[in-house]
Amino acid sequence: MTELSHIRNFAIIAHIDHGKSTLADRLIEMCGGLSKRELKAQVLDTMDIERERGITIKAQTVRLNYRAKDGVTYQLNLMDTPGHVDFAYEVSRSLAACEGSILVVDASQGVEAQTLANVYKAIENDHEIVPVLNKIDLVAAEPERVKEQIRDVIGLDETGALEISAKTGKGIGDVLEALVRRLPPPTGDDEAPLKALLVDSWYDAYLGVVVLVRVYDGRLAKGMEVHMMATGATRRIDQVGIFTPKPTEIEELGPGEIGYITAAIKDLSECRVGDTITGEKRQTAEPLPGFRPSIPVVFCGLFPADAADYERLAESLAKLSLNDASFEYVAETSAALGFGFRCGFLGLLHLEIVQERLQREFNLDLITTAPSVIYRLHLTDGAVRELHNPADMPDPMKIASIEEPWIKATILVPDEHLGPILALCEERRGVQVDLTYAGARAMTVYRLPLNEVVYDFYDRLKSYSRGYASFDYQMDGYDESKLVKMTILVNGAPVDALATVVHESQAEARGRVLCKRLKGLIPRQLFKIAIQAALGGRVIARETVSALRKDVTAKCYGGDVTRKRKLLEKQKKGKKRMRQVGNVAIPQSAFIAALKMGDERRSK
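Residue 5 is where the sequence shown starts when you use the working numbering, and the numbers rise one by one after that.
Derived by calculation from the structure, the hints in this document are not laboratory data. Treat the hints loosely; a few may be bogus.
Have a look at the derived ranges for each label pair, beta carbon to beta carbon [unchecked claim]:
id : residue 1 : residue 2 : range
1  : Ser550    : Asn367    : 36 to 42 Å
2  : Glu128    : Asp310    : 53 to 59 Å
3  : Asp310    : Gly524    : 22 to 28 Å
Glycine residues also receive a C-beta, built at the ideal position from the N, C-alpha and C atoms.
Modelling step: build the complete structure from the supplied sequences, incorporating the hints.
Next up, the structure:
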């Protein structure tokens, strides 16, 4: 058993693309976690989608053994965390399981918005922080300027900042020495009743639910009866193990250690992230504080393209939510799309990743409705209601006022790109709170309506700043606004999947854009199709899809019957991916693409 004084638990935190996963690779390589043959770039990014996009989505843990210069072998429990704001809940959970953090800052880019956000999370968790300047091998690296930013913008002592190159391996030895010298060891009592934190969980087809735990007191051994304090479930431990990063079985986990357990758990509701695991016979008196629950900010409907896949979708969502604690869902029905689920996400990238994981990992064909945020309705009878789905908005005569969520956004951008960024924020009804400078970089703070941010704000921000702007936000309460429900009518039939809540001043412009986009997405029929945007009974925009002049099925009559069958089979496959609204078939792509209106906004 490793002595507590020889254990170090730490997370690697940074802004997107500053080199967290590459640094983790070098640490694993230097500590001999994997052989040269087994090592590949970003070895802890295990999902295909992470490797394709070059981003970390899931926080991953690995145990390493490091023989320090003083001859002592230390146990290092490393957690590689995501950098994107949409996966901030993964970061906060990882930090709660550690005592220290390595803060990675790109020596050429400097301190970015998500660098700040992650540092403040680490400080909230009372972490000892080791600043590391990565990519010093680049020609554009300016370590002295970045050290000044660490001091002036973050407020950390920059004198102990290490200069490294995670790509070439330069300075990695200094990082390992700093970890064992500067980070505090964990505390705990191995004689006390078991007290362990459920940090993460995922579903394995053979083992059932696999649970990642951090032990605080007592010992967690194979064959032991354990009790989940929040859910009340009792289980016998089948397997105890660690990641090296390969899963490796061991006999037990002691205080300060991080590992995984399996207990033939098939009921997904038994495992709740943040729960305290204790012994069945000797229970701890007080549970651990756990994690603050994540609050979804973006909602959309997920519906199976084939109604027969509804049960499979329900099962897949349960397994996915086990692995992604920030994802929430409830069942709902739609007149156009049938049975599905209303899902809550931490942002638009989170929505995109969940949708892609459902399609890849569970082989589901999905239709996604327009993303929306939670509005607060004050009704004329004095009641207050939350509105998740624009299609459920009551009669305007019953609404006294509508409040929408606002955020406080921090944007860091080079000075030469500041003008277009300020114009973008103003266009999105933003209110400037602050504007300061750190060298040649401007840091502006804006209050923005969340509704204006969830569609294409991040894409526009990157486009206007040529990729140099960084963006982070936090919720900042609700404010009353003049909001209206905009309905899309196709041949007079409302399409509830495309209903949106918009600000009164922007309703007409957005209605025109939406109708124009749908005109290009809806295939022509043998009759004219009217596409209209309406506020209540008032039509504010209209486009018409012209009719087909030719009867395309004429060639099928007579001749070999197999030709007709082939065409009908081809047609059947196409229809599978469509939804019938009134008498007009709307392709799935229309539901996803209709609200991506960045190009039209720029050309206005």
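Here is what the structure says about each hint:
1. Ser550 x Asn367: 36 to 42 Å: Holds: the Cβ-Cβ distance is about 38 Å, inside 36 to 42 Å.
2. Glu128 x Asp310: 53 to 59 Å: 46 Å, violated
3. Asp310 x Gly524: 22 to 28 Å: 26 Å, holds
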